[in-house]
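J.: Sequence lines, in order, name chains A and B. Going by our numbering, the residue at position 226 of the first sequence is 226; the numbering climbs one at a time, nothing skipped. One gets our numbering by counting positions in the second sequence from 1 and adding 1000 to each.
Watch out, some of these pointers could steer you wrong.
To be verified - Derived lysine to aspartate or glutamate pairs resembling EDC-like cross-links, with alpha carbons at most 16 Å apart:
#1 B/Lys-1007 <-> A/Glu-254
#2 A/Lys-276 <-> A/Asp-259
#3 A/Lys-276 <-> A/Glu-254
#4 B/Lys-1075 <-> B/Asp-1056
#5 B/Lys-1075 <-> B/Asp-1046
#6 B/Lys-1007 <-> A/Glu-219
Claimed, not checked - Computed footprint of chain B on chain A; a stretch qualifies when at least three of its residues, placed anywhere within it, have a C-beta under 8 Å from a C-beta of chain B:
#7 80-93
#8 222-228
#9 306-315
Please keep in mind that the hints were generated in silico from the structure rather than gathered at the bench. Don't be surprised by glycine CBs; every beta carbon is placed ideally from N, CA and C.
Take a look at the letters that make up each chain.
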Amino acid sequence: MITRLLTGGEAVAHAMRQIDPDVVPVYPITPQTPIIQTFAKLVADGGAHTQIVNVESEHSAMSAAVGSALAGARTITATSSQGLALMAEIVYIAAAMRAPVVVALGNRALSGPINIHCDHSDSMLIRDSGAIQLFVENAQEAYDVMLLATRLAERPDVLLPVFVCQDGFTITHSAEPVRLLDDDDVHAWIGAYEIPFPLLDTAHPTTQGPFAMPDYYYELRHQQVDAMAHALDAIEELGAELEQLNGRRYGLVEEYRLDGAEHVLVCMGSTAGTAKDVVDQLRDEGEPVGLLRICSYRPFPEARVRDALASADEVIVLDRADAPGARGPLATELAAALYGSGMELRGHVYGLGGRELHPDDLREIFAGDVGRFVGLRGAACLV
Amino acid sequence: MSGLTLKTWQELPTAGVVTRHEELRPRTGAYRTGLRPEADLTACVDCLLCWLYCPDNAVLLDGTAFAGIDLEVCKGCEICAEVCPTGAIEMVAE
């Protein structure tokens, strides 16, 4: 194991070099570009045997990825924002055809107005696509979860595309010390790529992606619901297994100082890093606060969330995406999970288009001194 | 299509993948519209134009010789009768 100073994008590229996928069809887009740029150099230097396919759009990137993954080749791609929007049609196809494609996502605000900075609106666009979405807090976790995602996607009881979601710029472009596993350990942990019906197995020809009429569409969709249920267990199992290798634990959620916490903040991504510092400060000041970080957004670990929040009095949900005409997507999810419990819940939207969230903002959020739209100039329109 | 038992989601192959010899073979000829082709083998010259034009692969072959029509899949479109240069195929009432 060595420690290197890497950005989140570079850390993912190093994970990809060690995973050594057979095919990477990819199209550049800020802030994902450092991932494929770094990886392409590593491949050119002989670090991986990967066939990089320079496609002409993200729609083509995901189309090629689905074909490649189903043909029998381990496949990874990467994107952000508008790229994911263009890819979205095929993300649904990937999930339905059970193509275990891993996607490194640098979360970035969707246009418009056009913007290159972080929020989670791109992830929310594919919320119900059937793809797994795992959010990470920092570059180290981006590296770790790429490894986990590869195993997760390929589990016979899962077989779904997995998005590893890291905050654009905040993680993709920020350097920090990242501990890399030895290549041999990664190779041994990842293992060989195996899927039930590789298209290139010409001795056993198959028809894949068949048309389904009203008599079968519903049942075939339900297989994805079943795969997501298996993913809930698989994420915990693989997290525990990976911990044996690297000493760090990734799971469905992270509970931070929830013992005796009456006011619990719920968020995803890099904001959790800032929130942990603020929780520590407030605890030192005697405030009974805690943090619940949602790591797996899809599948949403409803039971785990309910258990983790069982003894809280108030839940404060931070959404880094808005939903014009409705409540924030994460707040809605929490409200559904806690329905009937009588728990106080308030949701806040923050950080859109890369707007910074400072520790003082979080102190005000905990104190309840802010409206639903944190940091918005001008009185908010409430739905 | 009557007589097919619809499967549950657990019974269906993952993603609806169809493997060889497990595909359903419905009798699509069941919705033929009243006329079926009948071939006069004494008039047939094995030119195989009917085989080439048949949109449903219903023309059966024995090597390179015409060997009849599979009425399980024939829809009665009459194209074979139309293209036959010797008039060996005639449409007759079911």
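J.: Confirm or reject each hint.
T.: For each hint, the structure was consulted:
Between B/Lys-1007 and A/Glu-254 the alpha-carbon distance is near 40 Å, which puts this suggested pair outside the 16 Å criterion. Restraint check for A/Lys-276 and A/Asp-259: the C-alpha separation of about 14 Å stays at or below 16 Å, so the hint holds. Between A/Lys-276 and A/Glu-254, the direct Cα distance comes to roughly 11 Å. Compliance with the 16 Å bound is thereby established for this hinted pair. With a C-alpha separation of about 8 Å, the suggested pair B/Lys-1075 and B/Asp-1056 falls inside the 16 Å cut-off, and the hint holds.
Taking the CA atoms of B/Lys-1075 and B/Asp-1046, the gap is about 22 Å. The hint is violated against a cut of 16 Å. In summary, the hint linking B/Lys-1007 to A/Glu-219 is supported, as the alpha carbons are separated by about 8 Å, within the 16 Å threshold. Check result for the segment 80-93 of chain A against chain B: violated, 0 residues qualifying (beta carbon to beta carbon below 8 Å, three or more required). Remark: the segment 222-228 of chain A is confirmed as covered by chain B, as 3 of its residues place a Cβ nearer than 8 Å to a Cβ of that chain, reaching the required three.
Coverage of the segment 306-315 of chain A by chain B is violated. Counting CB-CB distances below 8 Å, 0 residues qualify, and the rule asks for three or more.
The structure fails hints 1, 5, 7, 9 (numbered hints given earlier, in ascending order).
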